[in-house]
Amino acid sequence: MRTYFASLAATAVLLSASLALAQRDKAATHKYDRDALVYAELAKAPQKARARHNPLEKDPDAVPAGRILFERHCTECHGDFAEGGKKGPSLLVEQVQNAEPGAIFWILTNGVVWRGMPVWSKLPEPQRWQLVSYIKSLGVAKSIPVSAPSTRSPSTVATEPPSPLR
Amino acid sequence: MPTSPFTSFLKLFLLSLLFAFLPGAAPAQESPYFVAYDHYLEEPGNLEIEYFSTFGTQRGGNGFHAYWMEFEYGATAWWTTEFYLDGQSTFGDSTLFTGIRWENRVRVLKREHFINPVLYVEYEHKSGADKILKEGGGHDVEADFLTPNAEARKEHINEVELKLILSSTFKGWNLTENTLAAKDLSNSPWEFGYAIGASRPLALKASAKRCSFCRQNFIAGVEMYGGLGDRHHFGLNDTSHYLAPVVAWNLPSDWTFRLSPGFGLNNNSHRFLLRWGVSREIAGFGSMVSRLFGGRQ
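For the protein sequence lines, the chains are A and B, in the order given.
70 is the number that the numbering used here gives to position 70 of the first sequence; each next residue is one higher, with no gaps.
22 is the number that the numbering used here gives to position 22 of the second sequence; each next residue is one higher, with no gaps.
Hints listed in this document are in silico derivations from the structure and should not be mistaken for laboratory results.
Hints are not guaranteed to be accurate.
Below, simulated DSS-like cross-link-like pairs (lysine-lysine); rule was C-alpha separation at most 30 Å, straight line [unchecked claim]:
| hint | chain 1 | residue 1 | chain 2 | residue 2 |
| --- | --- | --- | --- | --- |
| 1 | B | Lys154 | A | Lys122 |
| 2 | A | Lys122 | A | Lys44 |
| 3 | A | Lys86 | A | Lys142 |
| 4 | B | Lys154 | A | Lys48 |
| 5 | B | Lys205 | A | Lys48 |
| 6 | B | Lys209 | A | Lys142 |
Since we're looking at a predicted model, the values are computed, not measured.
Chain B on its own, in the form it takes in the complex (with noise of 0.2 Å):
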């Protein structure tokens, strides 16, 4: 019996899940940020599995809920992979699978320094109803979600993304620049965009006690992200912008929830976006897959 892709995408989902609740979990200070990215990596050999849901609210259409799936991999101390699962519910009109993602962060400098720079490369596989809104690039607005489902599906996209990402840690505090350029590898134009991030523990001194509920377990802050047009028509003009307040509560019980509602600044912009997510890592992932397998121990 054939399964729909999203038969897959929910069997892969509640897969993940349940590997979620294997032991070997190692808490994180993970950073709050939805869209940018700051410049730390997973640690080597821990897999970290996230669930990221956005809603959105649509002007002269039905309101979305997008969802992605993140299995994101520290293959070494300077080098982290990620693999996406993207989904999409569009109220009034249907569900789908919308595509994969395969993302690499490589860090450039083996020390800290007062700006540090990760370069990002990304493909997408995709269909034209994607709509989890994961960057703002090019000339993308509010009005291409108008798209029934049906209509949408049918668009395949192709897609590299490259993002220098600068990122700085001051007194507490995160500052992360993110520039992206994407070239759909059909016959189409460089698009550009940007992310901007500043971040900051409630807490800088832990606690001498375990607890939940300190203020250090909490990772308050702010993004803000857009187009910057493309490269026949590089501005602001038909470009869409939000301005997103984030927090992340990372539990010592292993999981990390992060919540962001965010904002459209222009009239290309959906008024209103609440993101979501929850993730966990799995410790010493690659040596049990190498176990696995009859590796070293």
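Excised from the complex, chain A in its bound form (with noise of 0.2 Å):
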């Protein structure tokens, strides 16, 4: 029994230690600058996939598909209306609306592992292209929506967004 007690505590220690690790990464830099840092990650896609065509482009169900997809999996990271989160950068953002689509293809194929953001091949490719359909219909934001927890409406507030890059 002993020996159970000991192994628990071994893990609770470690599990411990990978929990500050985890935010640790979220107190190492400024939010700014980390966000800077993956909006970066878009400019290292390769050619041959900036190149890529988006083949859902037309399809007029991918934009509302990719808008359950992105709340499926996105929200909690990048906000509920995009507009970035504690975790993940605005993709309300030139950096990203100005992206190919195929490059931003590449990001959610790829992630951006180091800085926190998981791959996200395990979705099928016409989900990714979904979710890009997704991602460009929203544009650059004039204002900065503000997200209530109790509510799925996004109200603004009238301010211009802060450059994540300056």
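Both chains are sitting in their own frames, so use the hints and assemble them into the complex.
Shown next as structure tokens:
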């Protein structure tokens, strides 16, 4: 029985360490700097990936389906309206909205693993393209949407969003 | 009043169920495998609570029901850590808490490739009565389970398991191959095993409507696993092997159900295993814990 408790204690210590490590990443860098590093990943997409055309661009179901996928898999980090969250940057900025669909697809496929974004290749390709369609449909934010936890409708504050790169 | 290990296990299970009903769940696309692993790790900061069950037939003895709880936490996007609690009931014998496991999976490469390696390290502290059959390794055979629980529980096993997970995703299909090397920390030889799996969602495009029974919510496939002997007797002699169709149903209401009937492929294997599992992911668990201890929000 003593071994059980020793093993449990060791596990608890190691789990705490892993929690601390996960939190350390957040605390280590200023949010805007972290976001900038993630946006910079878009520029690393190979030319071949950028040149890929969204096969669902003209599919009228792509945006609503992408919205549902976004709610399921992305809002936890990027916020209910893609305005950015504690863990993930806003997707309503020029760096994302002006990026080629192929570059966004490449980021979804490969993640930014060292910066906390998991790979999403577990979603089949058509679903990743549906997500790209939804993200591109959002456009650049003129004001910052503020998500209220108790409601799904966005409210906004009338200020220009801060430039994450400056 | 002293509590038995089983009572403790039951309390933990009920507590976990309670936890699973907390808000903040995050539906994910969970793989359907029970034994094989693919290269996808838990999302960082999320905790997945899982319960799995295996009913097994036993020639020359009583059938059994083995079960385990998993607490799977995404420490980072490249490291997932899991804690297991195992138990079993042998029909006509008794119910036992059989041990704990602590597992870690680390993603090796930064980006997706045609083959994606993941390193797996697990420590197990279990009794000889463990029957969850989470992996087939060494010379483990059906006859090992004939030992009565009262006797089997006296054997204590401290084991380290290493796996190399090689997984690919191509046109919606996931193909994965796991190689296992396990070492009982007593004076036993290294034992080897394997698991392979293939799976695919029933539909590749998502529906534009919210639905529970849409085809993209179901992932079906098959896995095969078994032992490859040990360092002194490497090969297929005196090893058991299983083939098991698998299916997972990822509900939009945050739950995932899995089902798998497994079939023994030789006389050393249990003829039939029926596995099922249910899981729920708690989003932002790391941040919740951090806030609890006054950390950054």
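Here is how each hint holds up against the structure:
1. Lys154/B / Lys122/A: It is violated: about 43 Å lies between the C-alpha atoms, which goes past 30 Å.
2. Lys122/A / Lys44/A: 21 Å, holds
3. Lys86/A / Lys142/A: Answer holds: Lys86/A to Lys142/A is near 21 Å, not above 30 Å.
4. Lys154/B / Lys48/A: Violated. Lys154/B to Lys48/A sits at ~61 Å, over the 30 Å cutoff.
5. Lys205/B / Lys48/A: 23 Å, holds
6. Lys209/B / Lys142/A: 29 Å, holds
The structure shown violates the earlier hints numbered 1, 4.
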